[in-house]
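> Sequence:
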Amino acid sequence: MSFPSSSSSTDPTRTIVHVFRFLQLLCEGHVLKIQRVLLAQPLWHGQVNLVEATTTFLLEVHSRMTSPNLTILKQLFDTVTEFCQGPCLDAQECVANYKFISAVNELLVVVPPTTGNADAVARVRLLKGSVVIALLSLIEGRTDAIIHDRLVTELNFDTIKDNLVQVHAYFLAQYDGTYDGNSACSTDAYLTMGFNLHILMQHLKQHQPQLAQTVQPKVGRLGQEMADSDDLHKFFQDKCGRVEILWRRLDADDNSDDRTHDLVHMYFPVHPICFCLTERSKARLKATINTDGGGTSKLADFFSRMPTLLHEMEYHSQLLQRRLITRLAVHTTSLRKLSFVLALALNGVVLMTFRALDSDTDPVVDIRSYVLPAFPDDGDSEIHAVLRILGTCQVILCSILFVLYAVHTAPPLVMDRWYQRKKLQLLQHKRPLRAVVASHVAIENRFPTADTRHDHHK
1 MSFPSSSSST
11 DPTRTIVHVF
21 RFLQLLCEGH
31 VLKIQRVLLA
41 QPLWHGQVNL
51 VEATTTFLLE
61 VHSRMTSPNL
71 TILKQLFDTV
81 TEFCQGPCLD
91 AQECVANYKF
101 ISAVNELLVV
111 VPPTTGNADA
121 VARVRLLKGS
131 VVIALLSLIE
141 GRTDAIIHDR
151 LVTELNFDTI
161 KDNLVQVHAY
171 FLAQYDGTYD
181 GNSACSTDAY
191 LTMGFNLHIL
201 MQHLKQHQPQ
211 LAQTVQPKVG
221 RLGQEMADSD
231 DLHKFFQDKC
241 GRVEILWRRL
251 DADDNSDDRT
261 HDLVHMYFPV
271 HPICFCLTER
281 SKARLKATIN
291 TDGGGTSKLA
301 DFFSRMPTLL
311 HEMEYHSQLL
321 QRRLITRLAV
331 HTTSLRKLSF
341 VLALALNGVV
351 LMTFRALDSD
361 TDPVVDIRSY
371 VLPAFPDDGD
381 SEIHAVLRIL
391 GTCQVILCSI
401 LFVLYAVHTA
411 PPLVMDRWYQ
421 RKKLQLLQHK
431 RPLRAVVASH
441 VAIENRFPTA
451 DTRHDHHK
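Here full-length UniProt numbering is used: the first residue of the sequence shown is 1, the next is one more, and so on.
Since the hints were made in silico from the structure, they are not lab data.
Note that beta-carbon positions come from the ideal geometry of N, C-alpha and C, so glycine has one too.
The reader is advised that the hints may include incorrect statements.
[Unchecked claim] With a straight-line Cα cutoff of 25 Å, these simulated SDA-like cross-link-like pairs (lysine to any residue) come out:
no., residue 1, residue 2
1, K337, L390
2, K234, V349
3, K282, E244
4, K33, E106
5, K239, I146
6, K298, F275
7, K205, K298
8, K74, V37
9, K282, G241
10, K282, N347
11, K337, R280
12, K33, K205
13, K337, V349
14, K99, G129
15, K99, H45
16, K234, D158
17, K99, E140
18, K99, D162
19, K298, K337
20, K337, V395
21, K33, H45
22, K99, I146
[Said to hold, decoys possible] Across the chosen pairs, the derived CB separations fall in these ranges:
no., residue 1, residue 2, range
23, M266, H311, 21 to 31 Å
24, P209, V37, 32 to 42 Å
25, A118, T56, 29 to 39 Å
26, F303, L346, 47 to 57 Å
Produce the complete structure using the sequences and hints provided.
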């Protein structure tokens, strides 16, 4: 931890930030005993509830949105987040009161200026991100509905929906609506705030399903043309994943060994690179993964394949930057079908129009006697023109398919084979070492050395 210099010690803003940063670091490891000490100190004469004091100071500062206060407020919410994460149920209940939630509503409604200081816009967005993370920390690991009910009662859902609309509009403008394979989206703090808002809504809807219609995003009232609410909701829904885990924790009231297991839903934004895994690779992974030893062997086999899968996702994410190849790759199946139809048409035209007079002559166009008797005598030129057009289209399609295979499909297959060969070489390298060690042990057991005989005699 770096201590402030003498020049910065006179700045009250930096001093306040350092104090609450220190409190944040005390809870960084989420040690429940340390978090409870901040709530109460039984061995001290004058007990101080530092969690309540931090929240009270936050309520006094949030009404003045000056530049120094933005820095202080962000640090305060980061500190409150560490107080509650772990989870520390006592700290969560201490923070989640109606005054704190009202302050959250006031901060979320703040709209950064659209023109002017870009730094102010970024700082307001970072502050909102810390506010949303603090809200998520209030319900982390809770299986009751106490705090969920408080949030549902006190939160301003219109403000939350407006923030979702703003984030989605920012995403469309900043990234042209491209999420899959765009690694920059994973490090965008403002977009992450939108995902966290969506995750918060999912947790609240689990406890009160009637909120499903209330929390649906709608077109913003900002005077701008926003995307349709269904598309907005679908974007966050499709780009978020969910897992179910058994949450194991000690009882909040004592330190006994009695542990409870609760099924908890965990939501998270899926990394953009994960959408670059092809359907063929997914099907191959599901079909070939080891399931003989239960969940343990399946998980071990899955992690052993991660280098290949990661390389494939990284490679396809780079291909997504080339829009022409990406669009053609999406329609690969249609191109194959079209190529097959053209091949059938070419063969059909040849079979129906070309005839050989005898076994020693080359086939010539003979359409009058077989297909169209009334066809003009010079119809062979039209037939040749049709064949040239169909043949040219077939050559173009086959060339495109070959290029797509060489660029889109072949490199991951080659790399997969390379990883398998490397893995096999490592296994073959370990076997001789094991054989040498085993033979050495056998020789020592059969012909012990002087030291070994002396130890055995003892």
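> So, against the hints stated earlier in the document, which numbers end up violated here?
2, 4, 5, 7, 10, 12, 15, 19
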